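Trainee: Take the given structure of chain A and dock chains B, C and D to it, following the hints.
Chains as they are written, first to last, in my numbering: chain A, 12 to 352; chain B, 10 to 595; chain C, 535 to 866; chain D, 26 to 363.
Just so you know, these hints were derived from the structure itself, not from any lab. Worth double-checking, as some hints may not be accurate.
With a cut-off of at most 25 angstroms between alpha-carbon atoms, the simulated DSS-like pairs for lysine-lysine come out as follows [to be verified]:
(1) A/Lys140 / D/Lys274
(2) B/Lys244 / D/Lys103
(3) A/Lys136 / D/Lys278
(4) C/Lys722 / B/Lys264
(5) D/Lys278 / A/Lys100
(6) B/Lys333 / C/Lys827
(7) B/Lys239 / D/Lys278
(8) B/Lys244 / D/Lys87
(9) A/Lys101 / D/Lys278
(10) C/Lys827 / B/Lys573
(11) D/Lys103 / A/Lys101
(12) B/Lys190 / D/Lys87
(13) A/Lys135 / D/Lys274
(14) D/Lys274 / A/Lys136
(15) B/Lys157 / B/Lys141
(16) B/Lys480 / C/Lys722
Owing to the predicted nature of the structure, the values given are computational and were not obtained by experimental measurement.
Single-letter residue listing:
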Amino acid sequence: MSFLELKDLRIHFPTDDGLVRSVDGLSFSLERGRTLGIVGESGSGKSVTSLGILGLHKGGRARISGEIWLDGEELVGASQEHVRRLRGKKMAMIFQDPLSAMHPFYTVGDQIIEAYRIHNDVSKKVARKHAVDMLGRVGIPQPDRRVDSYPHEFSGGMRQRAMIAMALSCDPELLIADEPTTALDVTVQAQILDLMRDLQRDFDAALIIITHDLGVVAELSDDILVMYGGKCVEYGTSEDIFERPEHPYTWGLLGSMPRLDREPTERLLPIKGSPPSLINVPSGCAFHPRCVFEERTGGLAKVEVPELLESEGGHLVRCHLPAERRRAIWQKEVKPNLEAS
Amino acid sequence: MKKRYATPAFLAAGVALSLGLSACGGGGGGETKNDSGSAAGSQEAQANAGLESVVNPSDKKGGTLKMAITEAWDSIDPGDTYYGLSWNFSRIYGRPLVTYKPAPGQGGRELVPDLAESLGKSSDDGKTWTYKLRQGVKFEDGTPITSKDVKYAVLRQLDKDTFVNGPTYFNDWLDLPKDFKSVYKTPDVNTDSAIETPDDQTIVFHLKKAFSGFDNFAALPATVPVPKDKDTGIKYRQHPVASGPYMFEKVEEGKQYTLVRNPNWDQATDPIRKALPDRYEVSLGVEANDLDNRIVAGDLHVDLAGTGVQAAAVGTIQADPQLKNRTDNPTGSRTWYISILGDNPPLDNVDCRKAIIYGADRVGLQNAYGGQLAGEIATGLMPPSIGGWKKLDLYPTATGDVEKAKAALQACGKPEGFETVMTFRSDRPKEQAAAESLQQALAKVGIKLTLKGFPTSEYFSSYAGKPAYTKANNIGLATNGWSADWNTGFGFMSQIVDSRVVRAAGNYNLSVRSDEIDSLIDQANSEQDKSKSDAIWGQIDQKVMEGAYVLPEVWSKGLLLRGKGLTNVFVSGAWDMYDYLNMGVE
Amino acid sequence: MSAPLDVSGEEMRAEPEAVAKAGGAPIQGRSLGQIAWMRLKRDKVAITGGLVVVLLILVAIFAPLLVGWFGHPPNEFHQEMIDTLTMQPKGGSGIGKDFLFGVEPVNGRDLFSRVVYGARISLLVAFFATLLSVVIGTVMGIVAGYFGGWVDTLISRAMDIFLAFPLLVFALSLVGVLGQFETQLAVKGDTLRILLLIFVIGFFNWPYIGRIIRGQTLSLREREFVDAARSLGARGPYILFREVLPNLIAPILIYATLLIPTNVLFEAALSFLGVGIQPPTATWGGMLSAAVKYYTVPHFMFFPGMAIFITVLAFNLFGDGLRDALDPKSSR
Amino acid sequence: MVSYIIRRLIAAVLMLVVVSIVTFSIFFVIPRLAGVTTIDFASRYVGSKGASAETVAAIADKLGFNDPLVVQYGRWIKGIVLGAEYDTGASVEHCPAPCLGYSFITKTPVWPELLDRLPVTVSLAIGASIIWLIAGVATGVVSALRRGSFFDRAAMGVALAGVSLPIFFTGIICLVFFSYRFGITAPGGSYTAITENPGEWAYDLILPWITLAFLYAASYARLTRAGMLETMGEDYIRTARAKGLPESKVIVKHGLRGALTPILTIFGLDLGLLLGGAVLTESTFSLPGLGKYAVQAIQSNDLPKIMGVVLLVTLFVVLANLIVDLLYAVVDPRVRLG
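Chain A with its partners taken away, still in its complex shape (with noise of 0.2 angstroms):
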């Protein structure tokens, strides 16, 4: 068994106005070292999954199901205590927007110095210089004076280290970013990115990245899964996603991706509408009102909900339109448009 392993996992949200699927019998699985890229518009159920993962979700208000194998040991039905003591040592997560992620309070040294002081019995001394190491490794300068700043005078990529450096200061071996570059500038992200892979060689920790945006996985990911209304509409390699995509929403996203040399305003196949209700999800597969190829499944998409299929070599793809349709569709018809530009 790999190292992280989902297993039909299921977290649902009974509401007064009804039940919400955030994340509708996800699979996948992750070895240490190795990058997973979960890339998604924002509703897609990636992040519930990530704070699944780290047994986050409190209060009973959510429902789990389905198994979740870390390094051997499930979590799912593990005690919230258990799982508390794994959090942060085991496993760690970036946040999305740092500046609201860290308590205005407390100075980041103290964040640090706390997160380093739950899981490691050491005097307040070596964890703050502990917490200053880490500071300058995520490329703070002047770290043994940064440290004792509140977040709110740190700049957004300086924030975002410091929230790595917290992330990171328990070395855990698997880390989750959360969308660890959409509050920053596009500089500011090509350096982050940089520093997170790094880190990762580094710690060899085994590293989720949940993004809407495929640029920021593109470089990074091993593998790539694609999230669509709770559920995974393609799973591949990153080559598998980036050079064969099968599923129409993921040439949407591809289309959608900026790239350097083209205006990130201009979209070759926009995804029109918006994503799915998870309450009442569109019948069939979730993606039909907004699919481009959907009439020639033959209104089957509108009745019945796809099957993850594999297409080849380990390549899972939710669509009802017969595989080589849709290699014709990418090679014929959507590549061209993309590389035309």
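Mentor: Coordinates of chains B, C and D only, in the frame set by chain A:
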């Protein structure tokens, strides 16, 4: 432990209700007999025992007499006070020239010499009054009291913009030199034309015009001697110098007064005082209901105000025979009445005024003031305790006579009635209730009242007592009340029926405008024979009613509660409250 | 004395994405109003509160009818119900089919009808005082928030000063002092007193709303649609009242609803302290203060007291529900 | 920081001036407009059975009612800064600064009287606030954490009832029961200075404390709950949990800290207003504090007293504001003063 007294049994009644407001039981029932209670060693004295006799007579000295009152009264400075309770109480530390005999009922209205050896000797047909002081009377500091001290006391309190509270009799009657302003502003002016002190024991008063009742002036606290060198103007109230058997130990304004024995008071110089307790404690600003409860429980001896218990207590006292036995229900020399102002038509017409008196529900008004225990339906302005009083029977005193009222309206040419405004003191619930009652009653005869309440502090100065205002606002009726300074026609009536005392603002005579009455007043004052002058006052009372200048409501009564362990308790006819001069504690 | 406004149960905060969905995505095409109504309907407590409020209003409006059916005129004396010795109701309270709430001591007036009529004054004053506060507060708030600069400073200072005032003490004195104008004024009696109360209460409460609106406006000012309007050359007033105001409806509605009960208490307090409407007109606060002297006949204080309590509670319940419905994430 | 405080203090003083002017106008200017004459003013002070017109005029003069209003106001301010003189008849007494005037009714300078009433109000306010802070915040936190539980619903129900009850109603009921019926608490109107007898002091005040605290505890419970719910939803709480912080720590160190800061503000203002006299509470329990004082002053139309008490009350509120702002800066590093 002052406050942790046993729960007043009588409260159970009220609370029985508060636990799930079922009907029946408690409060009402009036005469409910329940002898089971009367066993437990309560006083054998019956209700109203204190009206005509002394309850628990005793000469036993010692103990602390605890008094309390809800609001501080104007002042303990004898020269600056105008409350009956204060005139009564002040005698334990101050000795006026003459005072009222400490005796129950009628006896209490009799004047007896106090600081003076005898009552005043009048000469010059009542324009000059002479008193001789007793020998050997001393202030608390041991300095002997001379007639100079009395003269100074009387003169100092003439300064009314310093001592705003006291009465103005001496200002109005003494034959003062024109250039005299006040003992402070014009200390060197010779005032012998007003008061002479030929020697240390003699003092002679000279009046502008004859006045037969001067001894009543001499009984005012204003004649309590004040040592000039100790006089600090209005700050004198912080420690009035004692001439009586008790002196102030501590004065906490608005909080507490404590008095202890005055070492320099000599029983030999004082035939009327027993001076029984060793100590007096007077607490001020006690919450009203709490005050009653504490008297019931025995933590307090006397409600200094002497106006009777609160409404809440009345009901419960009625329900408890033991408590009832501890009560006295005297009729005071105070009349609650409604002035009927003739300034605005149609009330300038005597018949329209009469219509109001006929239409009024006299029982309703009595109830408004607290019912038969709190007031006796008044047939005239002058209360029965006043010399020369005679029962008048000019108007019905039932629940209102619609026919007579309508007839009167016919007579004044307003057959279908009229509208007018009635004022009352908004911070006085009883006056409000009375106004509401009258409004209801007069509505039946077509007279529409609009009620307007004003705070007491401005009632006479800015509203009801200010003709400019009453004329401008069509004020036809004004709630009013008056109590005698002393129980003579003059003491009660002079301020409220003499149209010549009317001024721009701050009037108390709101409605009586009659030359006939004015001239009768002059007759009465100059009349040397007391009984004759009394008769004239009775006549004045009748005239007032004939002119329908006022609608008398009630002669006030109070349900007084005798404190546990009090000795020498009796109601003085002078104040119609317990006489504070000779009370003691067991 | 004001009951501070609070936040309560906002949905699913831990799962922002889910909320985005739960809170009606455009796909379902539900307008915010509809959603609010949906939520409100689901909130049993709030609905109950709302119903009670409606009931109270009806009671106030149809007071004469009610009294006609179940009681006696509010100012009519019933001495026959009173024990002339104690001046207290015969049998303690006089409660019965004739006098549902019993009678007042001394004059035996029907407590039921007095409580019913009390509702009129109480609600009338509360409503219009609130209206006054809302109008002043909204205008001031918008102007301050929108124009900023010295205007803002000026208005904000004004609010600070108002908030620093000892409200009750001022209201107390003002009602008294302004009463002295009666001679000059056209309106008299109860009408004048009611207007006076409305003015005093409303006038002192506007800063609370003003502050909120100001804050809201500040944030709105930066929103795109305002910029858009501005870029299209719309002038200040237009933007204020066509673009900004509509977006303030929700908060205004909420705080208005929550201000009413505060004002009910305020009015009661004033009449309890003896200023306000002239007798014999019945007010709840007035009855309470009268009842203190008669604490041994507890029904006298019980009914007016409960009337105040129920009214205020009902408004609070409804107001809370409305807030939760209109904007789940509201916070002061 | 220092400059900030100075600026704030100046602002505070200005505020006091404005308030004093407003107060002054309410009691001296408006009545004049309403046609109340200086004579009327004076005759309010004349004793129960009046005095001659000359006397009244003399008093009006003596009290300076005839001077131009500006002069009167100026004199009053001057008194506060430099002190003032008043005439006792026998002598002229000096009333040292801050002389808030001299009451012609009780024949006493106002300032000492206020100082005399202050302890009562302070005792009431402090005592009550401690109770309600503990009770309210605790309830609020528990409710927030057990959101939707029976406790939560019950507590919030009671709280809502609490904020909906007029204190002069609850107060009377408590008095009737606990004091008059069972005699276990002090009756209305009792107050013993803490210096005199701490036991009695507490015994006398316990009922007012609880009644008052109940009202506030209710609203504070609601506030705390709301605050907690909001904070516990913040990202940084999620972060704290993600670190593996034990829940207890998450709540106390990260949750409460964030939730209580806004409450601090409100508390400051409430306390400030309360110190200015819990008018209703003091009237209900007839406690001789600033609030009752104010009401009595108004009823007896004792202008110097009204002016004095209003000014003092405002002072409290202003100071409370200032202190809160300073505290806030300490608690929340994002707030920078200056």
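Trainee: Each hint should be assessed against the structure and marked as holding or not.
Mentor: To see whether the hints hold, each was checked on the structure:
1. A/Lys140 / D/Lys274: holds (23 angstroms)
2. B/Lys244 / D/Lys103: holds (24 angstroms)
3. A/Lys136 / D/Lys278: Holds: A/Lys136 and D/Lys278 sit about 20 angstroms apart, inside 25 angstroms.
4. C/Lys722 / B/Lys264: Judged against 25 angstroms, a Cα distance of about 41 angstroms means the pair is violated.
5. D/Lys278 / A/Lys100: holds (20 angstroms)
6. B/Lys333 / C/Lys827: Holds: B/Lys333 and C/Lys827 sit about 20 angstroms apart, inside 25 angstroms.
7. B/Lys239 / D/Lys278: violated (68 angstroms)
8. B/Lys244 / D/Lys87: holds (17 angstroms)
9. A/Lys101 / D/Lys278: Holds: A/Lys101 and D/Lys278 sit about 23 angstroms apart, inside 25 angstroms.
10. C/Lys827 / B/Lys573: Holds. C/Lys827 to B/Lys573 sits at ~24 angstroms (cutoff 25 angstroms).
11. D/Lys103 / A/Lys101: violated (73 angstroms)
12. B/Lys190 / D/Lys87: Distance of about 14 angstroms is within 25 angstroms: holds.
13. A/Lys135 / D/Lys274: The hint holds at about 17 angstroms.
14. D/Lys274 / A/Lys136: holds (21 angstroms)
15. B/Lys157 / B/Lys141: Answer holds: B/Lys157 to B/Lys141 is near 12 angstroms, not above 25 angstroms.
16. B/Lys480 / C/Lys722: Holds, at roughly 17 angstroms.
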